[in-house]
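Each protein sequence line maps, in turn, to chains A and B.
Position one of the first sequence corresponds to residue 0 (numbering that gives the first Met the number 0), numbered consecutively onward.
Position one of the second sequence corresponds to residue 0 (numbering that gives the first Met the number 0), numbered consecutively onward.
I should point out that these hints are in silico values taken from the structure, not numbers from a laboratory.
Predicted model only: the values in this text are computed from it and were never measured.
Quick reminder that beta carbons are idealized off the backbone N, C-alpha and C, glycines included.
Each statement offered as a hint is correct.
List of simulated lysine-lysine pairs, DSSO-like, C-alpha gap at most 27 Å:
| hint | chain 1 | residue 1 | chain 2 | residue 2 |
| --- | --- | --- | --- | --- |
| 1 | A | 236 | B | 187 |
| 2 | A | 70 | A | 163 |
| 3 | A | 236 | B | 96 |
| 4 | A | 236 | A | 163 |
A few chain A positions that, by computed beta-carbon distances, are all more than 10 Å from chain B:
| hint | residue |
| --- | --- |
| 5 | 40 |
| 6 | 47 |
| 7 | 52 |
| 8 | 130 |
| 9 | 138 |
Single-letter residue listing:
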Amino acid sequence: MFISSIKDQTELFTRPLKWWPSNPHWENFISAWDLPQPPLLRALLNSALVYSSSTLLLLLASSFTGYVLAKYEFKGRHGIFLWIVSQMMIPGFTGLIPTFMIMKWLGWINTYWALIIPGAFSSYSIFLMRQYIITIPDDIIDAARLSGCSEFGLFWRIVLPLSKPALAAVGLINFVWGWNDLIGPMWYIQYTPMKTVQQSLGSLFDIRSTVTSLPGVAACLTIVTVPLIVLTIITQKYLIQGWTGLTYAKR
Amino acid sequence: MKRSYVPYIFLIPFFVNLAVFSIFTLGFGVYMSFTNWDPWTSIGAAHFVGLTNYIRAFTEDPVFLLALKNAFIYVLYEPICISIGFFFALILNTAIKGRSIFRTIFFLPVITSTVAISFVWNWLYDYQYGPFNQALVALGLPPQHWLSQIEVLPGVPIALTSIMLMSIWQWIGLNVIIFLAALQSIPKEYHEAARVSGANALSRFRHVTIPLVRPALLFCAITATAGSLQVFTEVYMLTRGGPGNVTQVPVVWMTMRAISFNEFGYGAALAYTFFLIILAVSLVEIRILRRGGMFYY
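Excised from the complex, chain A in its bound form (with noise of 0.2 Å):
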């Protein structure tokens, strides 16, 4: 993908294939940024501002989720993470068409709220951080509760700085999820400044025939992947923990 994002148009299309452009183009950087449908920098903020804001909101749900349901005795605990373990089973499709509709009646379709909200609530997120917080030791709370800390300090102050590791594999993966997703966007974004990263990037597909500027799509492509990599290389063992968290949780 990098490779083909140097070279030009014609050196794309030789055969044999080359490995490396006999000289680099690199301003197809430069006029890459224009080629979708919307431009790739307005697409690139709009995914950023939904996701990064959809994220900061999942964690704080689903740690106060998490944390209650793993540290708390309360009437209806077991029904509600019997109900939250049912959820994960059930595929995101289904709600597409109702949650379209609901979207519609708040008016929020061409929005960012229509890709924030959704995005905010994961029932495998809630899951998580429960089975995160639960692996903290019921003295510290206490001791904390006994020296007259409030309840909400005890979260605040106790609960969510232990349970960084956690947050910080949740929410990667949601934002990289989210960064990722395209039906979403499809079904709720049809008004093209407002599209997401992924679209953008899909309305590469149409012109890919016709403007044959193949180098520049990849330029594009690179562009957007370039984050995630750099991202996932700094927070590797985040990530991974996460994913070891979600596979050990099942046991």
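Given chain A, put chain B in place with the hints provided.
Same frame as chain A, but now just chain B:
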């Protein structure tokens, strides 16, 4: 433990979501699937049509049946993917150097978007200039129309297998990482103990490694089946269900019926039919895996 109202305050976001996006969506969606509603008229104008939508799905909609069949063929990429992934994990587990580099490399396709991957594979599959065909030609073999309806096996168009190949490539990395984590969580003492009691490498593998990574295998198999039956982006990007409808899959078809044909009621009926099928498959799968150990593939 005390102050009984506290947990419920923390649960407010959960309850809001439960009311709006879980219970209401489910109830409304199920109701909608019994009507002939389209989104541009008010709900009052919709007629209750009973089970008509569900019956139509199985009697008047050959594409839906074809899509179901395709989804179940597509899922077969998964055992291949799990086997190869497990194999790589075993190799990487013995390697001492460079493990983290390999881990990163394996993880890259997982975090790269399917849309981007589809573009690259579209080019790989290109008839005239794609590397696959160039390699075939270099070997003296005839080039292939990778995304066409030519059948490789009876009832299986080559386009579908091409999509499966792409998915295998994309998801191997995730399997490797999950299995690697599982392998590394096995305490070294177990292997030592087995060795001391005279177990050879093969029986150590069979009686120590396999039972201990079984939960990971179970997890991969179940999530992958439910997930891949819902394949959307891969098919949408590579073939749009075509040529014709030979590579159509349920979620793409449902989206097309609902958005392009404005048949929301019918689309909802397709969604719930397909959901019940997935649920049944998952339940059967859990039973089989529980009972038969891992080598049921």
